[in-house]
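Asker: Sequence:
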Amino acid sequence: MLRIYRDYAHDSDVAYGAYGSRNHLDIWRRPDLDRGGRAPVLLQVPGGAWMLGSKRGQAHPLLSHLAELGWVCVSINYRLSPRSTWPDHIVDVKRAIAWTKEHIAEYGGDPDWIAITGGSAGGHLSSLAALTPNDPQFQPGFEDADTRVQAAVPFYGIYDFTRDDDSMHPQLVPTVQRYVFKQSRRKFPDVYQAASPISYVSPDAPPFFVLHGTNDSLIPVEQARSFTARLREHSTAPVVYAELPYAQHAFDIFSSPRAAHAAVAVEQFLAEIYAPQSAARRSA
Numbered sequence: 051m052l053r054i055y056r057d058y059a060h061d062s063d064v065a066y067g068a069y070g071s072r073n074h075l076d077i078w079r080r081p082d083l084d085r086g087g088r089a090p091v092l093l094q095v096p097g098g099a100w101m102l103g104s105k106r107g108q109a110h111p112l113l114s115h116l117a118e119l120g121w122v123c124v125s126i127n128y129r130l131s132p133r134s135t136w137p138d139h140i141v142d143v144k145r146a147i148a149w150t151k152e153h154i155a156e157y158g159g160d161p162d163w164i165a166i167t168g169g170s171a172g173g174h175l176s177s178l179a180a181l182t183p184n185d186p187q188f189q190p191g192f193e194d195a196d197t198r199v200q201a202a203v204p205f206y207g208i209y210d211f212t213r214d215d216d217s218m219h220p221q222l223v224p225t226v227q228r229y230v231f232k233q234s235r236r237k238f239p240d241v242y243q244a245a246s247p248i249s250y251v252s253p254d255a256p257p258f259f260v261l262h263g264t265n266d267s268l269i270p271v272e273q274a275r276s277f278t279a280r281l282r283e284h285s286t287a288p289v290v291y292a293e294l295p296y297a298q299h300a301f302d303i304f305s306s307p308r309a310a311h312a313a314v315a316v317e318q319f320l321a322e323i324y325a326p327q328s329a330a331r332r333s334a
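So that you can map any letter, position 28 of the sequence shown is 78 in my numbering, and since no number is skipped, the others follow by simple counting.
Calculated directly from the structure, the hints in this document are not laboratory data. For each residue, glycine too, the CB sits at the ideal point set by N, CA and C. Hints are not guaranteed to be accurate.
[Said to hold, decoys possible] Simulated restraints on C-beta separations:
hint	residue 1	residue 2	range
1	Asp214	Ala65	36 to 44 Å
2	Ser305	Arg236	40 to 48 Å
3	Phe304	Ser62	19 to 27 Å
4	Ala329	Tyr291	40 to 48 Å
Please model the complete structure; the sequences and the hints are all you need to start from.
Answerer: Next comes the structure, spelled out in structure tokens:
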């Protein structure tokens with residue numbers, strides 16, 4: 051049965067931080083889901099160039115598909131530029147992860163199994179969060195909180211802000227310099243390197259499934275190709291890459307055959323990661 055947003059988001063505008071509506075999240079779950087259960091959890095980070103975006107406007111095909119299968123999905127807001135300045139965005143994502151680990155059991159979710167996803171800026175933020183677990187530079191005031199995730203599924207993200215080639219739209223760098231980082235990349239290269247997920251790839255990276263369209267004109271596919279290559283070179287966890295022929299940026303926001311197939315692929319990847327980890331925990 052096809053369901054829509056209001057069929058799943060039974061807990062909306064839940065506060066996870068101190069910044070009003072920018073620190074609100076929605077929890078997606080089946081209406082008949084047992085609140086006493088331990089369903090796997092997916093946390094979704096919206097995109098919008100770090101300046102736009104809302105927890106209610108993106109990834110509906112993926113969230114509704116997983117919720118129908120019994121997952122608990124968490125969709126978050128976070129502080130946006132130009133009012134907020136980097137790294138406020140990733141700090142909020144980390145705080146949302148910490149909140150989810152502490153409270154998601156109240157909604158039938160498993161705090162010990164959380165995957166993270168997002169598209170565009172959300173792809174960047176979800177990847178950075180996954181690769182920097184418990185990193186104090188992104189957890190001011192909650193340095194001791196556990197922000198580890200068990201898998202990451204970024205869509206069409208930026209993974210390396212330091213590149214000077216055509217792997218980003220020519221207007222993107224000046225835009226983020228002026229409104230997001232508010233610092234020159236030439237004068238402060240370390241800031242941009244520290245904001246790049248590719249800088250943190252290590253053998254300890256969690257499983258990744260990276261998705262990108264070949265016709266993406268905002269964030270060209272080379273960003274995903276080089277990031278995936280780095281992951282495969284260094285990570286000991288599974289790394290899966292899907293390059294979607296002819297797909298543009300934000301191909302998964304609205305319902306379509308492409309978005310539906312992507313949602314099924316993500317579900318199958320996460321199930322492959324979740325099943326053995328869950329079995330190992332039960333037998334421990």
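Asker: Next step is simple, just say for each hint if it's right about the structure.
Answerer: Hints, one by one, checked against the model:
no. : hint                        : result
1   : Asp214 - Ala65: 36 to 44 Å  : 41 Å, holds
2   : Ser305 - Arg236: 40 to 48 Å : 42 Å, holds
3   : Phe304 - Ser62: 19 to 27 Å  : 21 Å, holds
4   : Ala329 - Tyr291: 40 to 48 Å : 26 Å, violated
In summary, the one numbered hint that this structure violates is 4.
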